[in-house]
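K.L.:
Sequence:
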Amino acid sequence: MSSPVPAPQNHTRTLGVSAALVLVVMVVVAVVVERYNARDSDGDSAVVVTTSTTKAAPMFPPISRELKEGVEGEDVRNLQTRLAELKFAPGPIDGIFGRSTVQAVWAFEKLVMKVPRSKATGVVTPQLWDVMRNEVRITPRRQADTPRHAEVYLPEQVLVTFLGGQPTLISHISSGDGKPWCEEVVIDPGEEGNDSPEQIAAGLPLKVGICGESVTPPGIFTFNRRSSGTRETKLGTLYNPVYFNQGIAVHGAILVPLEPSSHGCIRIPMSVAQIFPALVQFRDRIYVFDGIKEPEQYGSPLPPADRPDPDYTTVPTTVPETTVPTTTLTPTTLVTSTSAPTVTTPTTAAPTRTTAVSTTVAGTMNP
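Quick note: the sequence shown, position 192, residue 192 per our numbering, numbers continuous.
If you're looking for bench data, these hints aren't it; they were derived computationally from the structure.
Where hints are given, some of them may not hold.
Claimed, not checked - Here are the simulated DSSO-like cross-link-like pairs (lysine-lysine), alpha carbons at most 30 Å apart as the crow flies:
(1) 114 <-> 68
(2) 293 <-> 68
(3) 68 <-> 87
(4) 293 <-> 179
(5) 87 <-> 114
(6) 119 <-> 87
(7) 293 <-> 114
(8) 68 <-> 119
(9) 119 <-> 179
(10) 293 <-> 87
(11) 179 <-> 114
Use the sequences and the hints to build the structure in full.
P.N.:
Shown next as structure tokens:
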């Protein structure tokens, strides 16, 4: 009678090593997340960071250096690929750590790692990369009554769009800074303040002095209007705006700093603004969280009303874009014909006459 064949020792040893490696990965990720999440998340976290024991090791290799703006390489390409998989919109996946990638890392730091917005660095350390390359799950704080919806987290300065409970975009933002302002603004026809039937029919921009408050009201709203391209409004220059609270919109901007700095709108990077409008539709919900009360407790409050600037001395005028020189040159052409060499000056007069049209107002405003 043959004796039982003992189990191969190598097989047992391999299983033991594999189990140990899985345990080490879980411990490393847990330690990194715990260190970044030192602050209490007050139970309202929209993020779950987990490591699955049923999956193979992460497909992305570890990194041996810090990744930050300006560096290039295959490790940067891996970072961009992973951020795109997680819907953090890093810009082109080209292996170049540019501004769009910085802003995507900011969003990850603030939303997933709970880093205060003022301390976000945009730098990916080997430890942070270990969290990124493992399983990260983003879940909505609200189950909306529309298939798609957006959530804005003002304390973190992050926006997330969802479809069926799954994120489709996660973006760094900059919202209203809460400061009062008085400025001369140019308002395109059809925008609030230049939207009467007569004004729309005239099709002319309106230049006027306005005072307001840079507030992004928290609450529950719906997307109700959109425009393509660049629009001049009371709140500044907006790129591809999607409106949800009167003149307040989610829109692209060149400057999207870490701190709130707009006149009330939700600024997103220009590259993100090229894809955002396709991710939401008319009447989709948008929830704005301020970290103080729940959006439902606010309802749908309107933004603070603006008012005419009492110190604005110029009468509000419509601004023809190209007709100023032709309407001011007539007197100069009536000079006597005996001084023909001196009266042929319309080409030099035009530039001095066109200063009435301000083309730099938009750049000085903070939508």
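K.L.:
Next pair to validate is residue 87 with residue 114; report whether the Cα-Cα distance is within 30 Å.
P.N.:
18 Å, holds
K.L.:
When you check the alpha-carbon spacing of residue 293 and residue 87, does it fall within 30 Å?
P.N.:
27 Å, holds
K.L.:
Measure nothing beyond the straight line between the CA atoms of residue 114 and residue 68; if it is 30 Å or shorter, mark the hint as holding.
P.N.:
19 Å, holds
K.L.:
Would you mind confirming whether the straight-line C-alpha gap from residue 119 to residue 87 stays at or under 30 Å?
P.N.:
22 Å, holds
K.L.:
So if I understand the rule, the pair passes when the alpha-carbon distance is 30 Å or less; does residue 179 with residue 114 pass?
P.N.:
Cα-Cα ~26 Å, so holds.
K.L.:
Is residue 68 close enough to residue 87, meaning Cα to Cα at most 30 Å?
P.N.:
19 Å, holds
K.L.:
Holds or violated: residue 119 and residue 179, Cα atoms, limit 30 Å.
P.N.:
22 Å, holds
K.L.:
Check the hint pairing residue 68 with residue 119 against an upper bound of 30 Å on the C-alpha distance.
P.N.:
Roughly 15 Å separates the two Cα atoms, so the pair holds.
K.L.:
Quick one, are residue 293 and residue 68 close enough, alpha carbons at most 30 Å?
P.N.:
36 Å, violated
K.L.:
Hint check: residue 293 vs residue 179, CA-CA at most 30 Å. Holds or violated?
P.N.:
21 Å, holds
K.L.:
Take a quick look at whether residue 293 and residue 114 sit within 30 Å of each other, Cα to Cα.
P.N.:
Cα-Cα ~19 Å, so holds.
Hint 2 from the earlier list is the only one contradicted by this structure; the remaining hints agree with it.
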